[in-house]
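Asks: Residue strings, one per chain:
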Amino acid sequence: MTKEAVQGATEEEQQAQSKKALKKQQKEAEKAAKKAEKQAKLDFAKDRYGVSAMVQSQQKLDRELVRVQDLTPEKADQLIWLRARVHTSRAKGKQCFLVLRQQQFNVQALVAVGDRASKQMVKFAANITKESIIDVEASVRKVEQKIESCSQQDVELHVERIFVISQAEPRLPLQLEDAVRPDGEGEEEGRATVNQDTKLDNRVIDLRTTTSQAIFRLQSGVCQLFRDTLTQKGFVEIQTPKIISAASEGGANVFTVSYFKTSAYLAQSPQLYKQMCICADFDKVFCVGPVFRAEDSNTHRHLTEFVGLDIEMAFNYHYHEVIDSITDTMVQIFKGLRDNFQTEIQTVNKQFPSEPFKFLEPTLRLEYTEGVAMLREAGVEMGDEDDLSTPNEKLLGRLVKEKYDTDFYVLDKYPLAVRPFYTMPDPNNAKYSNSYDMFMRGEEILSGAQRIHDAQLLTERATHHQIDLEKIKSYIDSFRFGAPPHGGGGIGLERVCMLYLGLHNVRQTSMFPRDPKRLTP
Amino acid sequence: MPMYQVKPVSGDMEVDLPTCMYKLPSFHDLGALRDIVINANPAQPPLTLLVLHSLLCQRYRVLSTVHVHSSVTDVPPQLLSCLGPRHADSYARHMFQLGFTLIWKDVPKVQMKFSVQNMCPIEGEANVARFLFKLLAPYPSDPAAATLVDSWLDTAFFQLAEGSAKERAAVLRALNSALGRNPWLSGPEFSLADVACYCCVLQTGSAASTPANVQRWIKSCDNLGHFGPAKRLLQ
Numbered sequence: 001m002t003k004e005a006v007q008g009a010t011e012e013e014q015q016a017q018s019k020k021a022l023k024k025q026q027k028e029a030e031k032a033a034k035k036a037e038k039q040a041k042l043d044f045a046k047d048r049y050g051v052s053a054m055v056q057s058q059q060k061l062d063r064e065l066v067r068v069q070d071l072t073p074e075k076a077d078q079l080i081w082l083r084a085r086v087h088t089s090r091a092k093g094k095q096c097f098l099v100l101r102q103q104q105f106n107v108q109a110l111v112a113v114g115d116r117a118s119k120q121m122v123k124f125a126a127n128i129t130k131e132s133i134i135d136v137e138a139s140v141r142k143v144e145q146k147i148e149s150c151s152q153q154d155v156e157l158h159v160e161r162i163f164v165i166s167q168a169e170p171r172l173p174l175q176l177e178d179a180v181r182p183d184g185e186g187e188e189e190g191r192a193t194v195n196q197d198t199k200l201d202n203r204v205i206d207l208r209t210t211t212s213q214a215i216f217r218l219q220s221g222v223c224q225l226f227r228d229t230l231t232q233k234g235f236v237e238i239q240t241p242k243i244i245s246a247a248s249e250g251g252a253n254v255f256t257v258s259y260f261k262t263s264a265y266l267a268q269s270p271q272l273y274k275q276m277c278i279c280a281d282f283d284k285v286f287c288v289g290p291v292f293r294a295e296d297s298n299t300h301r302h303l304t305e306f307v308g309l310d311i312e313m314a315f316n317y318h319y320h321e322v323i324d325s326i327t328d329t330m331v332q333i334f335k336g337l338r339d340n341f342q343t344e345i346q347t348v349n350k351q352f353p354s355e356p357f358k359f360l361e362p363t364l365r366l367e368y369t370e371g372v373a374m375l376r377e378a379g380v381e382m383g384d385e386d387d388l389s390t391p392n393e394k395l396l397g398r399l400v401k402e403k404y405d406t407d408f409y410v411l412d413k414y415p416l417a418v419r420p421f422y423t424m425p426d427p428n429n430a431k432y433s434n435s436y437d438m439f440m441r442g443e444e445i446l447s448g449a450q451r452i453h454d455a456q457l458l459t460e461r462a463t464h465h466q467i468d469l470e471k472i473k474s475y476i477d478s479f480r481f482g483a484p485p486h487g488g489g490g491i492g493l494e495r496v497c498m499l500y501l502g503l504h505n506v507r508q509t510s511m512f513p514r515d516p517k518r519l520t521p
Numbered sequence: 001m002p003m004y005q006v007k008p009v010s011g012d013m014e015v016d017l018p019t020c021m022y023k024l025p026s027f028h029d030l031g032a033l034r035d036i037v038i039n040a041n042p043a044q045p046p047l048t049l050l051v052l053h054s055l056l057c058q059r060y061r062v063l064s065t066v067h068v069h070s071s072v073t074d075v076p077p078q079l080l081s082c083l084g085p086r087h088a089d090s091y092a093r094h095m096f097q098l099g100f101t102l103i104w105k106d107v108p109k110v111q112m113k114f115s116v117q118n119m120c121p122i123e124g125e126a127n128v129a130r131f132l133f134k135l136l137a138p139y140p141s142d143p144a145a146a147t148l149v150d151s152w153l154d155t156a157f158f159q160l161a162e163g164s165a166k167e168r169a170a171v172l173r174a175l176n177s178a179l180g181r182n183p184w185l186s187g188p189e190f191s192l193a194d195v196a197c198y199c200c201v202l203q204t205g206s207a208a209s210t211p212a213n214v215q216r217w218i219k220s221c222d223n224l225g226h227f228g229p230a231k232r233l234l235q
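Listed in order, the protein sequences are those of chains Y and L.
Heads up: the first sequence begins at 1 in the UniProt record's numbering, then just goes up one per residue.
Heads up: the second sequence begins at 1 in the UniProt record's numbering, then just goes up one per residue.
Don't take each hint at face value.
Cut-off 27 Å, straight-line C-alpha distance, at most; resulting in silico cross-link-like pairs (BS3-like, lysine-lysine) [claimed, not checked]: (1) K231/L <-> K335/Y; (2) K335/Y <-> K113/L; (3) K403/Y <-> K109/L; (4) K134/L <-> K403/Y; (5) K231/L <-> K401/Y.
Hints in this document: simulated from the structure, not taken from any laboratory.
Construct the complete structure from the given sequences, taking the supplied hints into account.
Replies: Spelled out as structure tokens, the structure:
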């Protein structure tokens, strides 16, 4: 045979073969289609489940969605709709058990083959990926045995319709059960816990855990109690600029930003502006806003950006009027948390056990010399005018706790040498000042003082501290036209929450923390 | 002529006999305040300690403060002002020799803390009363007299304050007969025994129906003027 002839013969063979293959494929496709059709016909529940079209506001359904936390025996036998996340889903024969979660609350749901659900529907439910958001229509049923693993322990849902509203990708960067597991338990039972960096890198998922929800609800409570207490005391809330021309606390730890043809700084505290408001006759002010500290400290309690809660007030004759106001505000916050946020506190304690926060009313105030005496009695060697080192602060906190059983106290009359230039010196003893620090669980949360309200004395003290007077000219000018005696202080929201709950890292109480190594998310 | 002579044993050696169980700190150098912390349950106010507080205020410059601990929620206003009005100089703690810090707290027994490094806490109203009284005056040096005071203290706190009606009646009879022989319970001088028994009698509520000598003694105590704080609290 010729080459062409051979080729032709092979081509024919090939054609014959591909025809055969095609026919085979066609037959198989027909078979599969028929099977599917048969199954679809058999799937009587096919309209009661599926992946919904993306909600693009196609229609305005007037449907009431019940909250998981409201699923109680009172609603027994009602048919309700709800939207929640799939926390877990597990098939068991002809049934699928799901746990549906909404913030801190979760409830068990059941899809069972019966007159409302088909086999295919149960299979569909079992395959919904974790964290997907679903709508279910279900009847609420009372259960005889309490469901210990859920927040709603007395009822379960019998699902009649189930639709996926937003599907989650199957591989999650972290598992929520792992993120909520106490560290000790993880090590003991060989189960995974999630380290802090992973949690922070995937913050959106980590914030969904019951612990995170509880922490940030409590934090919201702190902010609200702060505002409400001060408003009741007659304080006015103000907003101060964060882009400023001079570093308020000292040149080293300040962020510089380019400002058109020049540069500016991000405010390290609202200090200067709070005081100017007092000189502008606002009498008592507070502000809640970001504070920026370019401190290259990688510790458990430092952030480069945090929320500052600041107070400043004019007083009549003695700066203790200011201390009394601030400590009373703190006590009202502690009482508000103690009385209204026990659920949140217990939730956090499940993952991070700690001693409940104790305090005295009125707040305990010790003088610096008393603190030094207590430390010396415990064996610490320090000079009268030395500042307290962090370990000494912690030790003093423990000594105070042992004697007075309080986690919150004020240390008054600090040595002048270790305070900022605008601190008012003590009238009777030049070594000391009218300044104070407040501590929670032995860690400093507030530094405050009576401020110098006299332009001349302020100039002297600034010169003594070798500060360039040109840079603070407008600050000094504000005291030249009549200034009331005043004082104040500021706290960090994240640090206060961390210490109140007995947590050990401020990043746990900062939603999207900023530190020298982290700028995102 | 003596019957026998005893030769001296130790020659010229001076022997320092102990006269006290522990040394109390001196409050006379001004510097840091020495703070006495007393934790008490608002359900059982320690009246003897309030009386001792006012006695202390007459002897030393005392900075008195009252706090409510976070373990209790509602404390009646008279318990908040039971140590009297705030001292005008209370903004300057270092000007005082002694601090008296009363904390209303959920505790089973009265508890006192002073020098945490050197002393364990003292528990029970009777024991705290003994400590505070020693800051005012030494116990009688005669061991018999000292024991008598202690005995009345225990009688007051165990049988009078916590005993049955029968026990209380027995105590009142004992008081009556002791006060028949002496103006004060431990003899010619007013002592801690009188403070404790007066407060416990007052707390039983039956001061008016006590025997004659006890009535006379109650009036004498009133005349001394130290018992105002205790009486005010019981009103």
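Asks: Now, for every hint given, state plainly whether the structure supports it.
Replies: Results of checking the hints against the structure:
1. K231/L <-> K335/Y: violated (32 Å)
2. K335/Y <-> K113/L: holds (26 Å)
3. K403/Y <-> K109/L: holds (16 Å)
4. K134/L <-> K403/Y: holds (21 Å)
5. K231/L <-> K401/Y: violated (33 Å)
Hint compliance for this structure: hints 1 and 5 are not met, and every other hint is.
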